[in-house]
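> Dock chain A against the given chain S, drawing on the hints supplied.
2 protein chains.
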Amino acid sequence: MDERPIGVFDSGLGGLTAVRELMQVLPGENIVYFGDTGRVPYGGRSDDTIIRYAQQDVRFLESFDIKAILVACGTVSSVLHRFSGSLRLPVTGVVEPAAAAARVATKNRRVGIIGTAATVRSKCYIQALGGGIEAMAQACPLFVPLVENGRFKLGDVVIETVAREYLSPFIEFGCDTLILGCTHYPLLRDIIAELLPGVTLIDSGAAGAKSLASLLRDGGSLCGRSSGGKVEYHVSDDPSGFGRLASLFLGTCVNADARKVDIETY
Amino acid sequence: MDERPIGVFDSGLGGLTAVRELMQVLPGENIVYFGDTGRVPYGGRSDDTIIRYAQQDVRFLESFDIKAILVACGTVSSVLHRFSGSLRLPVTGVVEPAAAAARVATKNRRVGIIGTAATVRSKCYIQALGGGIEAMAQACPLFVPLVENGRFKLGDVVIETVAREYLSPFIEFGCDTLILGCTHYPLLRDIIAELLPGVTLIDSGAAGAKSLASLLRDGGSLCGRSSGGKVEYHVSDDPSGFGRLASLFLGTCVNADARKVDIETY
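Protein chains in written order, with this note's numbering: chain S, 7 to 272; chain A, 7 to 272.
The following block holds chain S by itself, in its conformation from the complex (with noise of 0.2 Å):
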């Protein structure tokens, strides 16, 4: 048994649907979660900054007394295998999860990925789905801003208009599974399957922390307890408006604080 937090972190507070994840599968866990919001986006980045930055973020949450690491970012996982070599602590980001769920889902073996563009241009998700698979993938610049300006509504013409734009190429691939490679995502999820219907979406987030709670259980390394798990919250930028952001990742009512961080020093 091991009482200590795991440590989550994202470019900003998409991550937050991880964590949703996470708090369902391991209820009991505590969780220190950081948001970079300070210098929020990260994927249309180059991959040095990514990595520099990701390592400043890993820095902060190795400060605290964790356990284990999750990536909840699609940008960061996709250049993780990187910079992993260096990290003590165990770490798992959403790509390799989220491509064994896709492998799993297919059954026309043929796949379909949409993130940022750093993602895209890493080629992870094709090295990570392995032989046997088709994979597209698809770049989507403004779903990030998109969603963080509140534009993710069955019947805004403007994240349709975007979202077929994206997405209207896997209806000629052919594609029956989708993995959602941003931790944004996942607020598209109805404008995304009215496009696609019938085709399955796979929330990398979701997939990230089924992952970890795993490697937890299969290490022994689970705290215990069942319930009552609490999660602190740290962000780079003023954390006020925090729980109004923060309660649409996280799909509930978010009445907790953020606390302040100077990431630039870690």
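Take these hints with a grain of salt, some might be off.
You can't tell identical chains apart in this list, so a pair holds if it fits in one copy or across any two.
As the list claims (entries may be wrong) - Below, computed lysine to aspartate or glutamate pairings styled on EDC-like, alpha-carbon distance capped at 20 Å:
no., residue 1, residue 2
1, Lys159, Glu171
2, Lys266, Asp54
3, Lys113, Glu171
4, Lys266, Asp53
5, Lys236, Asp182
6, Lys113, Asp182
7, Lys236, Asp268
8, Lys266, Glu200
Honestly, the hints are just simulated from the structure, not real lab data.
For chain A alone, coordinates are given in the frame of chain S:
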């Protein structure tokens, strides 16, 4: 006569619309440009974070032997009064020059302002416009990501829908003048002009550039050349692909390279 270059900075590359104007009014001056592409955009961040980033940007420019700074960023300009007292060089933002241009342009004494969330929150334009002018400001948080994704052309349903939402309150307000309070917005001039016919559009970056030119001329600090000025470019993320995006904002083909700066160390 002062041969030293002029320093110009922005959160990203939008500030190049001000550099374009500076090159037209002072074609002999050398310019050092910094774009904080590793942390763009600033417009949705808190004042404290914007000021901290802007102070690093200024310190980087001060590491060159420059004679003055143009803040070619609407967001930073709107909080400039909060740290301008600590600056050792003459600094010009875009707010007061654009407000002065709007005061001259308006006939019916109703002026609209569009800008980032931070710019609108600061109420800087309403203060700078002063008495006798009725002003209305509207935050346009999706304009920057849409422009950066190339969505600024007439006939694009996405930008036209978003622009109609943001701008229609100005039709009812009845302003004859609109301040484009962010240096990305000149690329939306055609879209805005279509939605607000007959309204005079004030380019804040161009107004700032003209104001700095007057300041240098009045102070006897021009370089004395009437052509042949050079621009050197610095950015905080990977400079590859710089020329393509820079060409968009400069309105001419840019073959120059940009140098990478580790801005967090300033």
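> If a hint holds in the structure, say so; if it does not, say that too.
Results of checking the hints against the structure:
no. : hint               : result
1   : Lys159 with Glu171 : both (17 Å within a copy, 16 Å between copies)
2   : Lys266 with Asp54  : between (25 Å within a copy, 11 Å between copies)
3   : Lys113 with Glu171 : neither (25 Å within a copy, 43 Å between copies)
4   : Lys266 with Asp53  : between (26 Å within a copy, 14 Å between copies)
5   : Lys236 with Asp182 : neither (37 Å within a copy, 55 Å between copies)
6   : Lys113 with Asp182 : within (7 Å within a copy, 60 Å between copies)
7   : Lys236 with Asp268 : neither (23 Å within a copy, 37 Å between copies)
8   : Lys266 with Glu200 : neither (39 Å within a copy, 43 Å between copies)
Checked against the numbered hints above, the structure breaks hints 3, 5, 7, 8 and satisfies the rest.
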